[in-house]
Amino acid sequence: MANISIIPSGDFKTSYGTDTTIFPTRTSRNFAILGVVLLLACPAFMDRYWLSLLIQISYLGIAALGLNILVGFTGQISIGHSAFFGFGAFASAWLNNSLGVPVALAIPLAGVVTTMVGLLFGMPAARLKGLYLAIATLAAQYILQDFFARADWFTGGTAGTIAEPLTIFGFAFDTDERYFYVALVAMVVMYILATNLMRTRDGRALVAVRDHYLSAEIMGINLTKYRTMSFGISAFYAGIGGALYAHYLQFVSVEGFTILFSIQFLGMIIIGGLGSIMGTLMGTAFMVFLPEAMQALTKLVSGTAIDTALNLKDNIAFLREMSIGLVIILFLVFEPDGLAHRWKQIKAYWKLYPFSH
Amino acid sequence: MTLLFQLLVNGLIVGALYGVVAMSFVLIYKASRIVNFAQGEFLLIGAWTCWWLLTSWQLPFWIGFPITLVFMLAFGVILQIVVLRPMIGEPIISVIMVTIGLSIVFQAAMKWMFGVFAKPFPPIFASPTMNLFGLEVQTVYVMSLLISILIMAGFGWFFKYSRTGLAMRATAFDQQVAQSLGISVRHMFAMSWAISAMVSAVAGVTVGVVNGVSSALSFFGIKVFPAVILGGLDSVIGAVVGGLIVGVLENMAHYLDSQWLNWGNMYEIAPFYVLIAILMIKPYGLFGTKDIERV
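If you read the sequences in order, they're chains A and B.
According to the numbering used here, the first sequence is numbered sequentially starting from 482.
According to the numbering used here, the second sequence is numbered sequentially starting from 118.
None of these hints come from the bench; they were simulated from the model.
Do not take every clue at face value.
Claimed, not checked - 25 angstroms max Cα-Cα, derived DMTMM-like pairs, lysine to aspartate or glutamate:
no.	chain 1	residue 1	chain 2	residue 2
1	B	LYS228	A	GLU773
2	B	LYS228	A	ASP795
3	A	LYS832	A	GLU816
4	B	LYS236	A	ASP795
5	B	LYS228	B	GLU385
6	A	LYS825	B	GLU207
7	A	LYS825	A	ASP500
8	B	LYS277	B	ASP351
9	B	LYS228	A	ASP627
10	A	LYS780	A	ASP795
11	A	LYS832	A	ASP818
12	B	LYS399	A	GLU698
13	B	LYS277	B	ASP291
14	B	LYS228	A	GLU736
15	B	LYS399	B	ASP351
Please build the complete structure, drawing on both the sequences and the hints.
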């Protein structure tokens, strides 16, 4: 296995270590490192707009990863993810504004607080599965949304709340160029954490719970523990993502965390691929670029007959909303394994090109 | 005290409508084991279709309404065949997500076509309010209560005596056995969606006549969940009882709120607290089958 860049035919894995390795070959690891290095150089040549999109991808990607751990790896459904995302945002801002916790500390703390709230609503998760949990999280979505609108001390009520920018040793990360590094580092760390989680006993237990809960239980996996744990982890990731969002925009309004946003999170992981960590990132990128693509599409047809017939200019919001739903349905019907699967196929095709058979 | 009584009556009337929607939700769940998150959009589409026929085409209500029903029947069948049939055998997450996706698409499409603001129905009854036991009640409410009871009775008859209804129950009970008895399971699935869409549309038109048609109608589809969980996910009677309880409950919560608590918004949120409580205590509901594996 030493100095080769592609895996030879036949299975050469002789130990568990090689089976659970993150990068199967040295080349793939080098490419991943190269990718991160290239991203580090982004602020040098990218304009504000693209940077803000990339920052969006990183904080949404963190939250979506949490949801994928819950839905894709453990097989539980949550329709209230944006409420936890929002809770993380408010919690971080509140910890900083009211208790004077420095932002660098408030972000991870917000994750912990959100985990607590998640576990509170996740208590049904310990007892219920599938569909019933989906309905319980739906209730959580509405209850938390109502709480945001009501709790003036925590969220600033309808006025919203201001979140201070992240400052480390007097250096404020208050512009897109600076914040980009914060978001990137946070994203890389959270993704590596999740990848490693899935290589441990706990991670494999989660997958076992998803694949066949009865067998898992017989093999000595504590279902209640792992279901609750998975819910907690997902809330933690949502909280961190939300906190990063709060300190990026430096303002959190109570209105953003609707059920549509929750569904967008679900869309991200379905498009990316349930149970795929890199897929989550691809799906998030897809979901972030989708509205932009719709915008571009509208611009493209503006002035033509289609534009006047549908009155696209005023209805772009609905077009975006519809595209989210449509993309989810189309992916479920035609590509249920998501972009991660498609990516694997593309790689497999090029690996032996032009002799693919 | 009059206020309390008025709210109780309101609760029963709204609850009956919840019951009707919940029933059509349970119908789909029982027949095809699909949790339909797009139930509220059936109300929305039905109401907008009827509104459009009545205002744009100036049709009288007694023509426009049946056309709406026929349209919804076809709509339900087509939806089942085109979108839901390929999903048979897929994991539960995928099926749920498809219905969620549908609900988004429909909601956005309706907003696109008809705008975001509530639009009033043309008046249908000669006198808008009538006197009932000394209470001032809107005629539409009384009619909606009557319609609800009629639909419920119709459901009862349909499932107990009609051939199709019996076939549907057989399908819900065991698909393989039903198939071996010569029942077309595909037809039954399509039929359940058609009936569900049609009945939801009746509820949608009724609510639309009272409050005007707007995308707020689709919130009925969300309110259905407390009702069906309370009643038991696979029980038609449970759906009716659950709907009535939720209807009365939210009005009572509103009363408590307006009189003493002043928290605001309890009307919307109270059912969800109840939902969480039920899921913790009695997840199979009042009338549901107790076959949920609890861990």
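Here's how the hints hold up against the structure:
1. B:LYS228 <-> A:GLU773: Distance of about 21 angstroms is within 25 angstroms: holds.
2. B:LYS228 <-> A:ASP795: 12 angstroms, holds
3. A:LYS832 <-> A:GLU816: Judged against 25 angstroms, a Cα distance of about 22 angstroms means the pair holds.
4. B:LYS236 <-> A:ASP795: Holds, at about 19 angstroms.
5. B:LYS228 <-> B:GLU385: 22 angstroms, holds
6. A:LYS825 <-> B:GLU207: 22 angstroms, holds
7. A:LYS825 <-> A:ASP500: 18 angstroms, holds
8. B:LYS277 <-> B:ASP351: 16 angstroms, holds
9. B:LYS228 <-> A:ASP627: Given that 25 angstroms is the threshold and the Cα spacing comes to 24 angstroms, the pair holds.
10. A:LYS780 <-> A:ASP795: 12 angstroms, holds
11. A:LYS832 <-> A:ASP818: Satisfied, since the Cα-Cα distance of roughly 21 angstroms is no more than 25 angstroms.
12. B:LYS399 <-> A:GLU698: 23 angstroms, holds
13. B:LYS277 <-> B:ASP291: Holds: LYS277 (chain B) and ASP291 (chain B) sit about 17 angstroms apart, inside 25 angstroms.
14. B:LYS228 <-> A:GLU736: Holds, at roughly 19 angstroms.
15. B:LYS399 <-> B:ASP351: 14 angstroms, holds
No hint from the list above goes unmet by this structure.
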